[in-house]
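**Q** These protein sequences, in sequence, are chains A and B. Here the first sequence is numbered in my numbering, starting from 1 and rising by one per residue. Here the second sequence is numbered in my numbering, starting from 1001 and rising by one per residue.
The reader is advised that the hints may include incorrect statements.
Simulated coverage check for chain A against chain B, where a stretch passes if three residues somewhere in it have a Cβ under 8 Å from a Cβ of chain B [claimed, not checked]:
| no. | region |
| --- | --- |
| 1 | 77–87 |
| 2 | 96–106 |
| 3 | 110–119 |
| 4 | 123–129 |
None of these hints come from the bench; they were simulated from the model. Yeah, the Cβ is synthetic: ideal placement off N, Cα and C, and Gly gets one too.
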Amino acid sequence: MTASMPRPGDAAADRPSGPRLVTSTAPIIEIEGLAKRFGSLHVLNDISAMVSVGRVTAVVGPNAAGKSTLIKAILGMVRPDRGRILVNGLAVGRDADYRRGIGYMPQASHFPENLSGREVLAMLRHLRGPSAEYDEELLDTFALAPELDKQVRTLSGGTRQKLNAVIAFLFRPPLLILDEPTAGLDPVASGILKDKILRCRSAGASVLLSSHVMSELEELTDSVIFMLDGSIPFQGPRAELQRVTGEDRLERAIAALMNGVGR
Amino acid sequence: MRSTAKILRYQLRDVLRGRWVLVYTLLFLVMTDALFRFGGSGDRVVLSMMNVVLLLVPLVSIMFGTMYLYHAREFIVMLLAQPVDRTSLFLGMFGGMAFPLAGGFVVGVALPFLWHPWSGFGSALAVLLLTGALLTLAFVALAFLVAVQFEDRAKGFGVAVLIWLLSAVVYDGILLVLVASLWRYPLEQPLLVLSLLNPIDIGRILLLLEFDVAALMGYTGAVFNRFLGSALGKAVALTALVSWTVIPFLVGLRRFRAKDF
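Using the sequences plus the hints, can you model the full thing?
**A** Structure representation (structure tokens):
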């Protein structure tokens, strides 16, 4: 089997064994038959999906489509009723070690309120154990240093969001999960973040992100997972999306999907 | 387990930074010291403190425990995105709350005994400290169970207060009514079992058995002296009290592991 001849079944076929050639379609996240309900509400309806290595995949869809629940299920924060998720070949829900390879930027900030930014960073470093290289680039480009000694509670929403971004990238994770990453950031900061995401992709990282800002997705995304009412009516690369909807621009293509085109 | 130790460390630092543990310690210190100054001898101070401990320790433990876990929600959510398993997290949080509370109580009550001359039961003081510490663990475990179970904070606090009222006040009232209305029947054994079902009653029994003032407790005291003797009675009561920590903790842990954040 060679990397120059990717066939559709390849990635799945050679996943279980050790080192392998990374083809462009190899999955870093595999989701099979995932179902979750909160009370009588089916938030995830037997969904299956795949996130490829080295690509930026966007989860899009209207509000309450199940995007956040999907992301939280991948992180192990929401326990699914059925189905399974593999991250880098490791099953989610057994132990927590697979999260070593994930950098997560939540939509809302979750910080222990009475710690300073510096203490939060020190705590996370200590928790993950010694690492060769921390990626503190964003700390400099966001010019966060003067804010780090203040208690997180006193920081503005945008600054907290920057701190979240720093944390997501800090351990150079092979998989980045970014939930509405630029919400609350000013244009300069969101530009910095987008550049960072693209640089990480070039360096081989995989990215799963959700966003409502279509212009931002236009710049970043290679693949789209479109969610609606807890199902995934469409998923695939941009070219495929364009073919199915006949729309060039991502915004119009997504709008077409919402209106039922391609189903 | 390594991450449990780490989480415990952060939580201890966090709890000690908020000064309320210090206030809690000083409260016991001042009360114990005052009892000495009002002319109490060692064992009378212990006996007076007993009633304070049996009411105050459970109340503070369950209220602070519930508040603390609700307050730590952000911290929990942040750590759940890290390679930390939920059991380590829950264990670390529990220790981070229960140890400072139990330690504050022990230090606050014990210190005045160092600078006041006293005579009496050294073992009584030991049992008082042990009972208070175990009651702290039990009510923090109950608090965690409540906070994990109820997403709504107001409801959680309500249930916490209810649990305290029930075990500190209402339960004994019910037993009293039971005894008064069924005085014709031999109630020793049912009463013994019923007392073991309430952690605060267990604490009281442990202390009174130690003081040899079981007569003060009248009926129940006689029952316990007769049925359990001394060594066996203590063993049974201690086991029951420890179960009040272990069982709520395990149920809470189970809920915590299955919870959606």
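**Q** With a Cβ-Cβ cutoff of 8 Å, does the region 77–87 of chain A contain at least three residues near chain B?
**A** It holds: at least three residues are needed, and the region 77–87 of chain A offers 3 whose Cβ sits within less than 8 Å of chain B.
**Q** Apply the coverage criterion to the region 110–119 of chain A and chain B: a residue qualifies when its Cβ sits closer than 8 Å to a Cβ of the chain, and three qualifying residues are needed.
**A** n = 6 at 8 Å, threshold three: holds.
**Q** Would you say the region 96–106 of chain A counts as covered by chain B, given the rule of at least 3 residues with C-beta under 8 Å?
**A** holds (count 8)
**Q** Count residues of the region 123–129 of chain A with a Cβ under 8 Å from any Cβ of chain B, then say if the count reaches three.
**A** This one holds; 5 residues, not fewer than the three required, reach chain B with a Cβ under 8 Å.
Violated hints for the displayed structure: none, as all numbered hints are satisfied.
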